[in-house]
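A.B. asks: Residue numbers (numbering that gives the first Met the number 0), protein chains in the order written: chain P, 0 to 349; chain L, 0 to 380.
By construction, these hints were calculated from the structure, which means they are not laboratory data.
Here the structure is a predicted model, which means the values were calculated and not measured.
Incorrect hints may appear among the rest.
Stretch by stretch, here's where chain L covers chain P in the computed footprint (C-beta under 8 Å, at least three residues) [claimed, not checked]:
#, stretch
1, 259-271
2, 313-327
To give an idea of the chain P side of the interface with chain L (calculated C-beta under 7 Å), a few residues [unchecked claim]:
#, residue
3, Arg195
4, Arg330
5, Phe331
6, Gly332
7, Gly333
8, Arg334
9, Val336
10, Asp338
11, Ser341
Positions of the beta carbon are idealized from the N, C-alpha and C atoms, including for glycine.
Spelled out, the chains give:
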Amino acid sequence: MNKPDYQRPIDFRHGRVDMNHGAGGRAGAQLVEELFARAFDNPALRAGDDGAVLDLPAGHRLVMATDGHVISPLVFPGGDIGCLAVHGTVNDVAMMGAVPLYLSASFILEEGFPLADLKRIVESMAAAARDAGVPVVTGDTKVVEQGKGDGVFIATTGVGALPAGRRIGGALARPGDAVLVSGTVGDHGVAVLSRRESLEFETAVVSDTAALHGLVAQLLAAVPEGAVHTLRDPTRGGLATTLNEIARQSRVGLLLDEAAVPVQPQVEAACELLGLDPLYIANEGKLVAIVAPEHADAALAALRAHPLGRAAARIGTVQDDPQRFVQMVTRFGGRRVVDWLSGEPLPRVC
Amino acid sequence: MKYVDEFRDGTLARGLAAAIAAELQPGRRYSFMEFCGGHTHAIARYGVAELLPPAVRMVHGPGCPVCVLPIGRIDQAIGLALQRGAIVATYGDTMRVPASGGLSLMKAKARGGDIRMVYSAADALKLARAHSEREVVFFAIGFETTTPPTALAIRQAAAEGLGNFSVLCCHVLTPSAITHILESAEVRDYGTVPLDGFIGPAHVSIVIGSGPYEHFADEYRKPVVIAGFEPLDVMQAVLMLVRQVNQGRAEVENEFTRAVSREGNLAAQRVVAEVFELRERFEWRGLGEVPYSALKIRPAFARFDAEQRFGLAYTPVPDHPQCACGAILRGVKRPTDCKLFGNVCTPESPMGSCMVSSEGACAAHYAYGRFRDIPIVARPA
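Please build the complete structure, drawing on both the sequences and the hints.
C.D. replies: Spelled out as structure tokens, the structure:
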């Protein structure tokens, strides 16, 4: 009599990642089968091949973006590294004006990492991919020895379809254009900081992590093709860094109105306490849109009509400036440069 | 944000600016030194300088704790981490200050030094408790604001009998620095640094009170107005200074009455006096050796003194010969007078300490104000 192959299911309650999970043997295959394949389930993944064969809509060009996710802590108010790994890459594709279609995911796991935590992260990631309608179609898992990782690193790559003739990019901002932001800035960074080991403070702020392609679609549908010149998600380095990137790429200056930049009072208060500036704090669910002035009102209305853009605001204007400064009229009435960040934002002494 | 926005109100600012302009005597120029980096930062960040009439010039003072820290002291902290294998706990600002051999605490960390950023002296104590098998040294810097927490940490360590905790004490004293500036040749003899008055420290004065400044008003005939760190505080203080100058008065006035009293925080002063005593001499970056300008740990707490515990000797290290930080800290030069400003020396690769902290005159000007130095300036639409 032939006994069917029996394998004891993975103990997701007490088990931990060990070197076997990355050795290419049964343990690794089992982890893929019982965790990753089950969570991300879709036809391309089910095929079990080395790569995924994908369809691309006719008349479109391919947009591809990649993002490595390392974050401490791995779980934070409003999200975790799993959903972040989906949102970050989906948003990068969406900021090109493309419709995100597929994701790949590469996991670097640290030996000793609790499987329960891994399961939670993977399931959160799968839910985010499902909600976004962007499946993870191929993936990889590696294990590094204890001390050589930080629990989990996740690298995701996304591809999307860009309609023929659409041009949206960081180099396309023109003097006179309106600068819009889709909501309050600094939420994600403050939510993460509030759970850092050395910092821990109590706040009701949650990360804004979200997939923005729906918001982008609504925005692009509301204005004529070509009216939106630049889209970018102000992630690491915050709004200030993103605007400086755009100024440099487009060879223009920007003039902001501090009073118009939406910031939650709790975020402002936390930044005040820590000696940080909300303009430099990361966002994971916001976008900056640079729009031709005649379509700025329609664009703003379209953003505000979407649940992820309710607090959208027009915060400034693109200027002709050979120095490419991002300047800001302060609420106080003076003017100052909003500069590139120098290294890590560090709190002040007194 | 409640209790903060009130001090950053643009309408009030315009009103104050008009009031200052109205009180200026025609043809007269006014130079005021804001001692504190906190004020320097507020002036740059909120664009206060732009709201002030051109006849009022703000001179940046040496009150930036990170800026006045000499290279030799940072070298000591780096040595403790790299050569002695200690965990060095430090305030974040200190991490980037350039030290000898192209190092900084941040670069030393990348070379394997166990250097941890902390928010308070109490966090350094926590580290010591959590790593009882390691030496934990708190790199204690700052003026009178940060001194009481260090004193408390040392007292607490003594009470707990923590055997692995010590403090590299680099605390410095505000009044000594002001005296040093007032006694400098540039102010006293040549008059190259015209000083009509001081904006006195905010947080420092909460601890030491307004009393210690009376000496400067009486002895040197310089008005002092103690002001909070909010931009409206600074503008109100400028108005009060202008009035004193116009009326020929030299008094200590307190704009920051919501926090500062004449006596200051007596409990804080007591704990500082219990743990620290005056140092005979201490090197400041920019000011050189200033007698009785810093604190050291009293013999009763000697086992918590990293200098004694590790037998550290102090070796002064000269600044880069072209770095003008010294002159800038004394108010003799402005950041833009320095040859290195903005080309060799930037916040990404600071040569001098003034480019490091956001409270430093160079960093504040570079980050917030440098568009004013460039002839073509975009105007608000």
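A.B. asks: Hint by hint, note whether the structure agrees.
C.D. replies: Checked hints:
A count of 4 residues in the stretch 259-271 of chain P with a Cβ less than 8 Å from any Cβ of chain L is obtained; the coverage claim is therefore met, three being the minimum. Closer than 8 Å: that is the beta-carbon criterion, and the stretch 313-327 of chain P has 8 residues meeting it against chain L, so the requirement of 3 holds. For Arg195(P), the suggested interface contact is broken, since its CB lies about 10 Å from the closest CB of chain L, more than 7 Å. Because the closest C-beta pair between Arg330(P) and chain L is about 6 Å apart, less than 7 Å, the hint holds.
With a least beta-carbon distance of about 4 Å to chain L, the hint placing Phe331(P) at the interface is held under the 7 Å criterion. With its C-beta approaching chain L no nearer than about 4 Å, Gly332(P) sits inside the 7 Å limit, and its interface hint holds. Interface restraint check: Gly333(P) against chain L, minimum CB-CB distance 2 Å, threshold 7 Å, status holds. With its C-beta approaching chain L no nearer than about 5 Å, Arg334(P) sits inside the 7 Å limit, and its interface hint holds.
For the restraint placing Val336(P) at the interface with chain L, the shortest Cβ-Cβ distance is roughly 5 Å, inside the 7 Å limit, so the hint holds. Evaluation of the Asp338(P) hint against chain L yields a held restraint, the C-beta minimum of about 5 Å falling below 7 Å. Annotation: interface hint on Ser341(P) holds; nearest CB of chain L at approximately 3 Å, less than 7 Å.
Comparing the model with each numbered hint stated earlier shows that hint 3 is the single one that does not hold.
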